[in-house]
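> Read top to bottom, the protein sequences are chains A and B. Take 1 as the starting number for the first sequence in the numbering used here and just add one per residue. Take 1 as the starting number for the second sequence in the numbering used here and just add one per residue.
Since the hints were made in silico from the structure, they are not lab data. Misleading hints may appear alongside valid ones.
Each pair may be met inside one copy or between any two copies, as identical chains are not told apart.
Quick list of in silico lysine-lysine cross-link-like pairs, DSS-like style, CA-CA up to 25 Å [what the hints assert, rightly or not]:
{"#": "1", "residue 1": "59", "residue 2": "403"}
{"#": "2", "residue 1": "127", "residue 2": "403"}
{"#": "3", "residue 1": "245", "residue 2": "287"}
{"#": "4", "residue 1": "360", "residue 2": "121"}
Protein chains: 2
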Amino acid sequence: MALKGNALFAQSGGPTAVINSSISGAIQEAGKHKEITNMYGSINGILGVLNENMIDLNKESKKNIELLRFTPSSALGSSRHKLKTEEDFNKLLNVLKAHEIRYFFVAGGNDSMDTANKVHKLAIAEKYELRVMGLPKTVDNDLPVTDHCPGYGSVSRWLALAVRDAGLDTEAIYTSDTIKIIETMGRNAGWITASTALARQKENDAPHLILLPEIPFNQDKFITEVEKVYKKLGYAVITCCEGLKDESGEYLTASKRNIDTDKFGHKQLGGVGETLVSIIADKLKLKARCDKPGTIQRVSGIAQSTTDREEAYISGAMAVKHAVLGKNGYMVTLVRESDAPYKCGTGISELDNIANKERKVPEDFINANGTWVTEKFLKYITPLIGEPLPEYARLEKKLIGKKLSK
Amino acid sequence: MALKGNALFAQSGGPTAVINSSISGAIQEAGKHKEITNMYGSINGILGVLNENMIDLNKESKKNIELLRFTPSSALGSSRHKLKTEEDFNKLLNVLKAHEIRYFFVAGGNDSMDTANKVHKLAIAEKYELRVMGLPKTVDNDLPVTDHCPGYGSVSRWLALAVRDAGLDTEAIYTSDTIKIIETMGRNAGWITASTALARQKENDAPHLILLPEIPFNQDKFITEVEKVYKKLGYAVITCCEGLKDESGEYLTASKRNIDTDKFGHKQLGGVGETLVSIIADKLKLKARCDKPGTIQRVSGIAQSTTDREEAYISGAMAVKHAVLGKNGYMVTLVRESDAPYKCGTGISELDNIANKERKVPEDFINANGTWVTEKFLKYITPLIGEPLPEYARLEKKLIGKKLSK
Chain A
1 MALKGNALFA
11 QSGGPTAVIN
21 SSISGAIQEA
31 GKHKEITNMY
41 GSINGILGVL
51 NENMIDLNKE
61 SKKNIELLRF
71 TPSSALGSSR
81 HKLKTEEDFN
91 KLLNVLKAHE
101 IRYFFVAGGN
111 DSMDTANKVH
121 KLAIAEKYEL
131 RVMGLPKTVD
141 NDLPVTDHCP
151 GYGSVSRWLA
161 LAVRDAGLDT
171 EAIYTSDTIK
181 IIETMGRNAG
191 WITASTALAR
201 QKENDAPHLI
211 LLPEIPFNQD
221 KFITEVEKVY
231 KKLGYAVITC
241 CEGLKDESGE
251 YLTASKRNID
261 TDKFGHKQLG
271 GVGETLVSII
281 ADKLKLKARC
291 DKPGTIQRVS
301 GIAQSTTDRE
311 EAYISGAMAV
321 KHAVLGKNGY
331 MVTLVRESDA
341 PYKCGTGISE
351 LDNIANKERK
361 VPEDFINANG
371 TWVTEKFLKY
381 ITPLIGEPLP
391 EYARLEKKLI
401 GKKLSK
Chain B
1 MALKGNALFA
11 QSGGPTAVIN
21 SSISGAIQEA
31 GKHKEITNMY
41 GSINGILGVL
51 NENMIDLNKE
61 SKKNIELLRF
71 TPSSALGSSR
81 HKLKTEEDFN
91 KLLNVLKAHE
101 IRYFFVAGGN
111 DSMDTANKVH
121 KLAIAEKYEL
131 RVMGLPKTVD
141 NDLPVTDHCP
151 GYGSVSRWLA
161 LAVRDAGLDT
171 EAIYTSDTIK
181 IIETMGRNAG
191 WITASTALAR
201 QKENDAPHLI
211 LLPEIPFNQD
221 KFITEVEKVY
231 KKLGYAVITC
241 CEGLKDESGE
251 YLTASKRNID
261 TDKFGHKQLG
271 GVGETLVSII
281 ADKLKLKARC
291 DKPGTIQRVS
301 GIAQSTTDRE
311 EAYISGAMAV
321 KHAVLGKNGY
331 MVTLVRESDA
341 PYKCGTGISE
351 LDNIANKERK
361 VPEDFINANG
371 TWVTEKFLKY
381 ITPLIGEPLP
391 EYARLEKKLI
401 GKKLSK
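Bound-form chain A, shown alone (with noise of 0.2 Å):
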């Protein structure tokens, strides 16, 4: 059972605020096994093996590992690089061969689970003893299986306390800026753009509307909602997914640059916000502005959620002590006890049932009207985000009275 050699961790995908926190989480149990000799870390993720690009991590001091926990983006490297080629998985796997690696761990998203389950087969095939464990990441939160998903619940912080600060502002300046559109990362999945609902602390807060990818997008239906909000408030916040679709199931605006795919042939999203801003002006004739944190979102270190930070952190430990003991081609999950008090655990599932699936938000999480979230959603998301939001002060506005008359 026990299987002495190196390890190599990678960072896949797209970064976030807490996905170093679950390399810093599994480099710190590894230093605790001797069954693993050496600490690699592949720069640029699955790119740093095909190239031999490696990091010697035992090299790094331990003051750094345990800062890392702390830090956001992706310290390694990260890459969507996609493995295609035989002779990629063969390069690949002479790199892991030479190198005397035996555990590689790989922190990502479905893509990225699907990249470590083919190295993981062609090992088998090759009959070379390789643990391959994937770390959950990916602010999207569409991964299958999983409770949630490490990286979510800090950009759900993150556009909880924007989109409250921003809905105050209008809420401030509305005779001058009436409409605002605030449009979230999420490619097809409403997850994000759904968290925003937790910027509301009272009735009438903003978000006003929340639309999801899971909705299709209906242009009239849109503008009834919009005025019925103006019509009661004088103003409205909206936010929106930047990878919203039409009724025919067409991006609402797939982008018109030259280049416009990644390498996994997704469309370059964006400028969603914008053009609900365009349909505002021509149809109701008011004054819309967009905000589109765009990365920042998925990256803000000052908005981490502590909860999101831990479960990054356990479910990077817990994915070496699986290997260790001898797990092989699973992915760490976390498994929800109980919402309150907030407890959650830890579990792990094949990678076959997480590569290149998607989850999205479900039916019970979306009101009927299919423009707001459910108290079912609220109970999810709510222990994801840590600590509640700050506490502002909100006047009571008592009016003094008129003494002129008009």
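We have chain A already, so just place chain B on it with the hints.
Using the frame of chain A, we list chain B on its own:
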């Protein structure tokens, strides 16, 4: 000299992270002076006076007024309404008279100080004893006389944090997302964009180019500069001002929206970042993406600079002190005494010196190449953002060497 009556507080222009701190300081100070009878808040700036829409601040809890100090956006509501007609001005003065308002405190920027100044002059002309004081406020940092403006330190802190994180994001995933553009606010002055320089903590850190509206945009030069960074690092992070202009003085991208000017006749800006993305795709065939945090940057509660917050609070309190002592028609200014250790006091300057004037980033704050800031600017801005940015891990990345031949 002693003038007894009611005080009216108003917030004007774009909300900031600390404009409530200014009002909190002013209200708490006013509560100490027996000359001030009742304290009213004007709802939505000058509109609240025009419409007799004012609240009783004495009925707000002490806790709420204290909490205001830490609450972003404009709690009283704001507006960009420009008083134009004689009828408006007369209505306004009649409201002040009817409610026995003798102290009028306006927190705002250039436009707001112009409004305050006009009210001040009208009251003198009409022989109505009224003390008008301006509280400086603007993320744009473009008010003259004052060393800097409350609000600027916080937006700068927010951007320093965000650009550092987003820069690490690009550094990690550059093999897929190679160029990042971050579009900041700033109408005609580049103060906000310049503040992104604080994100850089060591050589080669983002941002690599800073595009200020003070330097006319030249496409060929831009492409050359981006290419230079790209060849050196393999990626580039560029911050640009929404108010960027070309060499003929035209905004790089004037909005194509139906409603494209605000009530002051300013063009509604935006789209500069996406324009640069297109240029890069077209000329360099590189994939770029644009983050445009928009209003989120200016009202973030989480990134309030403690220095900024305290200066905002003190400038509010000082406005009240000066008014009670007889000053009229002034704005409180911040007067820097030393850089290290940072010391800053307050002064006052006549509204005539401030109203409608715009201070741009001076030449000696911009490097010779026009693509970065100078040490002098860094010395100027560093104390304004409060505590140093949190420490992050930076791996040594010692390569283990290759074992396979090509």
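> Hint by hint, say whether it matches the structure.
Results of checking the hints against the structure:
1. For a Cα distance limit of 25 Å, the shortest separation of residue 59 from residue 403 across copies, 19 Å, qualifies, whereas the shortest one inside one copy, 76 Å, does not.
2. In this homomeric assembly, residue 127 and residue 403 come within 25 Å of each other (Cα to Cα) only across copies, at 21 Å, whereas the closest approach inside a single copy is 90 Å.
3. In this homomeric assembly, residue 245 and residue 287 come within 25 Å of each other (Cα to Cα) both inside a single copy, at 23 Å, and across copies, at 23 Å.
4. Taking CA atoms no more than 25 Å apart as the test, residue 360 paired with residue 121 passes in neither setting, with 27 Å inside one copy and 61 Å between copies.
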